[in-house]
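K.L.:
As given, the protein sequences belong to chains A and B, one line each in that order. First residue of the first sequence? That's 4 in the working numbering, and the numbers climb one at a time after it. First residue of the second sequence? That's 4 in the working numbering, and the numbers climb one at a time after it.
Keep in mind the hints are simulated off the structure, nothing from the lab. One or more of the hints may lead you astray.
For each label pair, taking beta carbons as the anchor points, the in silico distance ranges come out as [stated by the list, open to error]:
hint	chain 1	residue 1	chain 2	residue 2	range
1	A	E107	B	P367	28 to 38 Å
2	A	T103	B	D391	11 to 21 Å
3	A	K318	B	D384	41 to 51 Å
4	A	A218	B	K82	20 to 30 Å
5	A	M273	B	G331	20 to 30 Å
6	B	K49	A	T103	47 to 57 Å
Keeping only pairs whose Cα atoms sit at most 20 Å apart, straight-line, the calculated EDC-like set for lysine to aspartate or glutamate is [what the hints assert, rightly or not]:
hint	chain 1	residue 1	chain 2	residue 2
7	A	K76	B	E175
8	B	K30	A	D391
9	A	K212	B	E198
10	B	K111	A	D391
11	B	K212	A	D47
12	B	K34	B	E175
13	B	K119	A	E198
14	A	K111	B	E198
15	B	K76	A	E209
16	B	K111	A	E389
17	B	K30	A	E91
Not close to chain B: a few residues of chain A, all C-beta gaps over 12 Å, as computed [claimed, not checked]:
hint	residue
18	Y110
19	T148
20	G155
21	P233
22	Q292
23	G368
Quantities reported herein were computed from a predicted structural model and do not represent experimental measurements. Glycine included, each C-beta is placed from N, C-alpha and C at the ideal position.
Below, each chain spelled out in residue letters.
Protein chains: 2
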Amino acid sequence: MKATIVTIGDEILIGQIVDTNSGYIAKALDKIGIQTHEMLSISDDKQHILTTFAALQNQVDVVIITGGLGPTKDDITKKTFCEYFNDELVVNDEVLAHVTQLIEGFYKRPINQLNKDQALVPSRCQILFNAVGTAPGMWMKKEHTVFISLPGVPYEMKHIVDHQIIPKLVREYQRPYFVHKTILTYGQGESMVAERIEQWENNLPEFIKLAYLPAPGRVRLRLTARGTDPVVLEKAIADNVESLAQIIGDIIVGFDEGETIEVMIGQQLMARNKTIATAESCTGGKIAQLLSSVPGASNYFKGSVVSYSTEAKIKVLGIDSELIAQFGVVSAEVASAMATQVQKILQTDFAIATTGNAGPTSEPGKAAVGTVFIALATPNDVMVAEFDFGQPREKVIDRTANKALEMLQKEILKFLP
Amino acid sequence: MKATIVTIGDEILIGQIVDTNSGYIAKALDKIGIQTHEMLSISDDKQHILTTFAALQNQVDVVIITGGLGPTKDDITKKTFCEYFNDELVVNDEVLAHVTQLIEGFYKRPINQLNKDQALVPSRCQILFNAVGTAPGMWMKKEHTVFISLPGVPYEMKHIVDHQIIPKLVREYQRPYFVHKTILTYGQGESMVAERIEQWENNLPEFIKLAYLPAPGRVRLRLTARGTDPVVLEKAIADNVESLAQIIGDIIVGFDEGETIEVMIGQQLMARNKTIATAESCTGGKIAQLLSSVPGASNYFKGSVVSYSTEAKIKVLGIDSELIAQFGVVSAEVASAMATQVQKILQTDFAIATTGNAGPTSEPGKAAVGTVFIALATPNDVMVAEFDFGQPREKVIDRTANKALEMLQKEILKFLP
Chain A
4 MKATIVTIGD EILIGQIVDT NSGYIAKALD KIGIQTHEML SISDDKQHIL TTFAALQNQV
64 DVVIITGGLG PTKDDITKKT FCEYFNDELV VNDEVLAHVT QLIEGFYKRP INQLNKDQAL
124 VPSRCQILFN AVGTAPGMWM KKEHTVFISL PGVPYEMKHI VDHQIIPKLV REYQRPYFVH
184 KTILTYGQGE SMVAERIEQW ENNLPEFIKL AYLPAPGRVR LRLTARGTDP VVLEKAIADN
244 VESLAQIIGD IIVGFDEGET IEVMIGQQLM ARNKTIATAE SCTGGKIAQL LSSVPGASNY
304 FKGSVVSYST EAKIKVLGID SELIAQFGVV SAEVASAMAT QVQKILQTDF AIATTGNAGP
364 TSEPGKAAVG TVFIALATPN DVMVAEFDFG QPREKVIDRT ANKALEMLQK EILKFLP
Chain B
4 MKATIVTIGD EILIGQIVDT NSGYIAKALD KIGIQTHEML SISDDKQHIL TTFAALQNQV
64 DVVIITGGLG PTKDDITKKT FCEYFNDELV VNDEVLAHVT QLIEGFYKRP INQLNKDQAL
124 VPSRCQILFN AVGTAPGMWM KKEHTVFISL PGVPYEMKHI VDHQIIPKLV REYQRPYFVH
184 KTILTYGQGE SMVAERIEQW ENNLPEFIKL AYLPAPGRVR LRLTARGTDP VVLEKAIADN
244 VESLAQIIGD IIVGFDEGET IEVMIGQQLM ARNKTIATAE SCTGGKIAQL LSSVPGASNY
304 FKGSVVSYST EAKIKVLGID SELIAQFGVV SAEVASAMAT QVQKILQTDF AIATTGNAGP
364 TSEPGKAAVG TVFIALATPN DVMVAEFDFG QPREKVIDRT ANKALEMLQK EILKFLP
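Whole structure, please, built from the sequences with the hints as guidance.
P.N.:
If you want it as structure tokens, here you go:
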């Protein structure tokens with residue numbers, strides 16, 4: 004069973020907004036065994052929309068469209084959607100009552116004509132009620148293809164997908180099974196990993212597909228099994244992951260989507276009843292953001308001091324200005340002091356500190372672009388390592404954050420749970 | 004002149020990765036007057052790729068493809084790209100020398116066969132040298148369409164787009180002009196704004212298009228003028244923005260892409276030589292991330308304490324546990340104390356604090372989902388406001404962050420630069 008996801012909106016085609024809706028929908032469809040054939044972003048143009056719909060008609064089973072359902076003149080999806088089905092727009096009383104309550108409740112004003120028009124829907128469509136917004140979703144079938152139109156506001160789209168579309172698809176369609184397993188490795192490059200597992204990869208069964216997802220300092224390996232018997236798929240994946248672990252167990256740090264290194268670090272810290280804080284210069288809060296992105300992080304992540312400026316290092320972290328004058332801001336000594344200071348201030352067991360030059364430029368006599376010091380304070384001592392992460396800026400920041408978490412995890416595991 | 008951007012990779016179609024490459028490329032093309040007709044994400048499947056290329060042939064002037072150029076078995080773009088042009092892969096010595104230097108330099112090991120294969124390129128293609136990675140970009144023309152293949156790693160793609168593709172397109176193609184102007188408004192809903200400016204909107208000239216970009220708590224209005232004379236376009240945009248400002252000047256907080264409210268706050272703080280810090284509970288660092296995302300933020304953003312837990316509020320921010328016991332964590336009193344405490348600790352002029360229940364659940368006797376207190380400490384006093392931002396969680400967090408920045412800006416502007 005196949006789906007195509009269509010995003011309508013010039014803001015995406017000029018790069019003003021990144022389309023995160025399609026990924027969310029694709030993930031939800033994948034979980035119930037519906038394969039996303041393509042994702043497509045097109046303009047707020049009637050002809051472009053109609054041509055696209057016609058091309059997708061009977062090519063896939065489901066077309067999910069987001070965007071262009073707002074109340075304003077540039078929102079033409081609903082009219083065009085209705086026209087494609089040769090239908091007419093009629094007022095839906097339930098939607099009208101809901102819109103009225105939302106507008107008068109939140110904005111404390113009577114609804115205007117534009118709000119009222121949001122209750123207009125194609126007479127033959129099935130309404131997908133939008134509990135958190137004014138524009139309803141619409142479900143209409145033509146020949147072999149279901150067309151579903153959703154608002155583009157992410158939390159409205161998500162609410163309708165989770166509470167209406169997925170349950171409805173599960174009820175109404177037979178679907179195959181997909182099983183994914185992602186193996187997270189740190190410290191070796193894609194080509195090196197591929198070389199080590201070449202024979203294993205060649206022996207994978209036909210119905211299992213391997214994908215490499217490289218990022219600075221880490222490579223994710225994704226296994227996907229497709230078939231009709233979930234038990235067979237799960238078994239085959241488990242067996243192959245086991246044999247893979249025997250080959251590259253030394254660089255595997257975790258499994259599966261949720262299990263990023265920050266999620267595992269969270270579990271490992273909680274199991275040991277230990278806490279962590281960060282003091283970040285060149286990573287600008289990236290490590291704190293990764294650690295605090297994990298639900299329940301407040302149990303072990305005590306906070307972060309993002310100290311861009313020398314002044315902040317002195318005032319907020321209490322680094323000795325003499326030390327900075329003597330060794331420079333980008334130095335092992337300052338990194339070490341940042342880690343021990345934030346560990347002391349936030350009273351944590353572990354603390355990470357980063358200082359470096361992520362670029363783009365380097366002052367004469369100062370650290371070269373790519374030079375980074377990572378300090379790690381543990382309950383017992385503090386260690387510092389120097390790296391040259393090259394450029395550009397983005398890569399230096401990613402590599403620094405990934406390497407720091409890798410170093411942290413190694414130290415955490417030295418303590419017994 | 005039209006372009007279509009194609010992303011190749013199953014990781015996007017299963018929602019494992021969000022495609023940020025296409026938006027970056029579209030923005031770069033838009034700046035030089037090339038219109039992105041469509042964005043397309045397809046699978047790592049030879050037939051799917053070939054069919055897509057054939058469909059785009061002569062439909063647009065430029066096709067930019069990202070992804071699938073890695074060294075591993077699942078990377079099939081280069082072979083397929085070469086096949087589409089009935090060409091053969093040959094070793095490029097410059098690329099081979101570069102790959103050797105990168106691998107031996109960074110990974111400190113001799114290159115393997117997979118690395119060497121990265122130097123294979125179609126014999127007739129123009130190489131787009133990849134200074135920051137191992138996979139080169141490739142430029143090949145067939146009839147009226149140029150096909151450009153790029154690596155999917157974002158910083159590699161960006162480097163080749165910025166340093167090679169854009170300059171080459173500017174040199175080799177005649178292009179029209181686009182002028183965009185984005186007007187940022189806060190505090191009124193899309194339909195309300197549309198009602199107020201309806202007459203102005205109806206009087207816009209044919210060659211100017213208006214788009215509404217709503218988000219919780221704010222609406223961006225984007226004007227786009229297309230034509231051949233940039234002077235005429237700029238003038239028309241300027242005149243219409245001026246007349247718009249006369250209608251909704253009360254809710255306009257800024258103009259243009261870069262000028263988000265956090266960018267303006269940065270300029271306004273610097274002009275007044277004032278500083279800011281945040282103490283965040285329900286926003287979990289969102290406001291700090293917005294403020295610190297602005298280049299040069301270290302001049303005025305001193306840092307943030309993200310205090311999820313009651314314990315962190317007491318230990319790190321030094322909030323009186325009595326106060327929390329008496330009024331509850333989600334209260335005007337605690338919000339106010341958080342703001343004044345972080346202002347004191349980080350020695351700033353202004354401080355924002357947030358505490359609330361973003362959901363999804365609410366404990367009996369505790370604050371309802373959507374209840375948020377925002378406190379703002381200024382050099383003179385501290386103010387607190389209570390809001391009901393409804394649900395879901397994502398909306399509550401966004402609305403809280405936007406409202407807090409809106410409140411902050413109003414207070415900053417009370418001080419003379």
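K.L.:
Please go over all the hints and tell whether each is borne out by the structure.
P.N.:
Structure-based check of all given hints:
1. A:E107 with B:P367: 28 to 38 Å: Between E107 (chain A) and P367 (chain B), where Cβ atoms are some 29 Å apart, the hint holds.
2. A:T103 with B:D391: 11 to 21 Å: Holds, since T103 (chain A) and D391 (chain B) (Cβ atoms, about 18 Å apart) stay within the stated range.
3. A:K318 with B:D384: 41 to 51 Å: At roughly 24 Å between Cβ atoms, D384 (chain B) and K318 (chain A) fall outside 41 to 51 Å, so the hint is violated.
4. A:A218 with B:K82: 20 to 30 Å: About 24 Å separates the Cβ atoms of A218 (chain A) and K82 (chain B), which means 20 to 30 Å holds.
5. A:M273 with B:G331: 20 to 30 Å: Distance hint for M273 (chain A), G331 (chain B) holds at roughly 26 Å.
6. B:K49 with A:T103: 47 to 57 Å: holds (54 Å)
7. A:K76 with B:E175: This hinted pair is violated, its Cα atoms lying about 37 Å apart.
8. B:K30 with A:D391: The given pair, whose Cα atoms are some 31 Å apart, is violated under the 20 Å limit.
9. A:K212 with B:E198: violated (53 Å)
10. B:K111 with A:D391: holds (13 Å)
11. B:K212 with A:D47: holds (11 Å)
12. B:K34 with B:E175: Holds, because 16 Å separates the two Cα atoms, which is no more than 20 Å.
13. B:K119 with A:E198: holds (13 Å)
14. A:K111 with B:E198: holds (16 Å)
15. B:K76 with A:E209: Roughly 14 Å separates the two Cα atoms, so the pair holds.
16. B:K111 with A:E389: Measuring from Cα to Cα gives roughly 16 Å; hence the hint holds.
17. B:K30 with A:E91: Violated, because 37 Å separates the two Cα atoms, which is more than 20 Å.
18. Y110: For Y110 (chain A), whose nearest Cβ neighbour in chain B is about 6 Å away, the distance does not exceed 12 Å, so it is violated.
19. T148: At roughly 18 Å from the nearest Cβ of chain B, T148 (chain A) sits farther out than 12 Å, so the non-interface label holds.
20. G155: violated (9 Å)
21. P233: At roughly 17 Å from the nearest Cβ of chain B, P233 (chain A) sits farther out than 12 Å, so the non-interface label holds.
22. Q292: violated (7 Å)
23. G368: For G368 (chain A), whose nearest Cβ neighbour in chain B is about 21 Å away, the distance exceeds 12 Å, so it holds.
Of the hints listed earlier, those the structure fails to meet are numbers 3, 7, 8, 9, 17, 18, 20, 22, in rising order.
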